[in-house]
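Asker: Between the sequences and the hints, there should be enough to build the whole structure, so can you do that?
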Amino acid sequence: MRNPSQIACSVCIVLAATVVGLTANALRPDGLPLIRKPLRETRTIVAKEYLLSETQTRHGVMEQAPRQPSAISALSEQEPLQSDSVTKVADQTIHEKRPAEEAPPVSLAGSTSRKLAMLSVKTPVESVPARRPPKKAEALFTTLDDAKALFDSGEALFLDARPIEDFDYEHIKGAVYLYFEELDKLYEQVLAGIDKARIIITYCSDPECTEAVKLGDELVARGHTKVVILLEGLPGWKDAGYPTEGKGVAE
Amino acid sequence: MRWFLYDILRSRRVNIICRLSLAVVFALAAVGKILDPLEFSDAVAAFRILPITWTNIFAITLPWIELFAAVILLMKRMSKSSGFILALLNIIFVAAISSAMARGLDIECGCFTLSKAHDKVGWGLLARDCVLLALCLEVVFVADEKITRKSNIADCLSV
Chain A
180 MRNPSQIACS
190 VCIVLAATVV
200 GLTANALRPD
210 GLPLIRKPLR
220 ETRTIVAKEY
230 LLSETQTRHG
240 VMEQAPRQPS
250 AISALSEQEP
260 LQSDSVTKVA
270 DQTIHEKRPA
280 EEAPPVSLAG
290 STSRKLAMLS
300 VKTPVESVPA
310 RRPPKKAEAL
320 FTTLDDAKAL
330 FDSGEALFLD
340 ARPIEDFDYE
350 HIKGAVYLYF
360 EELDKLYEQV
370 LAGIDKARII
380 ITYCSDPECT
390 EAVKLGDELV
400 ARGHTKVVIL
410 LEGLPGWKDA
420 GYPTEGKGVA
430 E
Chain B
12 MRWFLYDILR
22 SRRVNIICRL
32 SLAVVFALAA
42 VGKILDPLEF
52 SDAVAAFRIL
62 PITWTNIFAI
72 TLPWIELFAA
82 VILLMKRMSK
92 SSGFILALLN
102 IIFVAAISSA
112 MARGLDIECG
122 CFTLSKAHDK
132 VGWGLLARDC
142 VLLALCLEVV
152 FVADEKITRK
162 SNIADCLSV
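For the protein sequence lines, the chains are A and B, in the order given. So that you can map any letter, position 80 of the first sequence is 259 in the working numbering, and since no number is skipped, the others follow by simple counting. So that you can map any letter, position 33 of the second sequence is 44 in the working numbering, and since no number is skipped, the others follow by simple counting.
You may find that some hints are simply not true.
Below, computed lysine-lysine pairings styled on DSSO-like, alpha-carbon distance capped at 30 Å [as the list claims (entries may be wrong)]: (1) B:Lys131 to A:Lys393; (2) A:Lys364 to A:Lys327; (3) A:Lys426 to B:Lys131; (4) A:Lys352 to A:Lys426; (5) B:Lys131 to A:Lys352; (6) A:Lys393 to A:Lys426; (7) A:Lys417 to B:Lys87; (8) A:Lys426 to A:Lys327; (9) A:Lys417 to A:Lys327; (10) A:Lys417 to A:Lys352; (11) A:Lys375 to A:Lys417; (12) A:Lys216 to B:Lys131; (13) A:Lys364 to B:Lys87; (14) A:Lys375 to A:Lys327.
Simulated from the structure, these hints should not be mistaken for laboratory data.
Answerer: Written out as structure tokens, the structure reads:
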């Protein structure tokens, strides 16, 4: 292909396709935002103390929490839950486009005093602006330290969202295999007798792995009220020196 | 013998078969990705090559480039131009798959999101993309110029 006009044609085709693609994406209601945020910035981190509290309803909708003397509490009797602010925080799904007129969401990453947050983003319909449909419930994130504390106390059930080969090779000690792609097949086997209020921590292979996020969201949709995601995954767990087991782990 | 094979490769019939095959494969691949850009974006992110912030732009534009190139490939006079685009895309795919294999990533290709079969990164996928690349190179470099005659800019822009 030595003819410069053929190369010019190719460039024209690419440019035309790019313009059409961006326009089509802008016009569709479920279009992706042009800039994808890292997974860590898309959801709230929930504190371990909140997971251990008894304020969750069966459906994961948080009731007004009693005043806590703890520094990490963000709720008080004088300040009932602001559904708008909670909605803003929880509105940051992975691929959501924010309208320009909304205020910037509260950023929790790096905050020294972590705010307690809802496990579910479901809010009463009357408090949601009419133009925005109610958000579906989704799981939030937990930190490595909180996950380890829950591991030590035995209060959490760890679910490995990776394929069976990866699970067999190495997984968090005591974790149960529940590959997201086989959830329908394995759900009854793994979680049939489990209390819906049991703390469940899902994880997979790294901070940008979406399998654990999808698994967490699906479990919340099925009625589990305390589902969180360990973003660091198995590599973060291992790097911290926490216990693992499997065929690939030296005794 | 060598010139005989070369003449066959340059023939109109082989050219049409190559262009039709490429057009069908890339059009089907593109449609799936256009219908579900979210899944394609996740698949691109899984390769860990592009910065995470760029994966959405890539997932939005690449399927349309594939679709345009696949459709225009069927036009005689612009087939080399679109074949060149598809060849470049294939080179990118082959490089990405090779990189993922070298790093031991157990991920899906995301090439055909319409298909329920999972397209794991591996030697089979690499071989398939190499075959597609060979077809693209036939269209771009080997096909007789007489088949795509009048390739000046005016004829490129006419349908």
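Asker: Output the numbers, in ascending order, of every earlier hint that fails for this structure.
Answerer: 7 and 13
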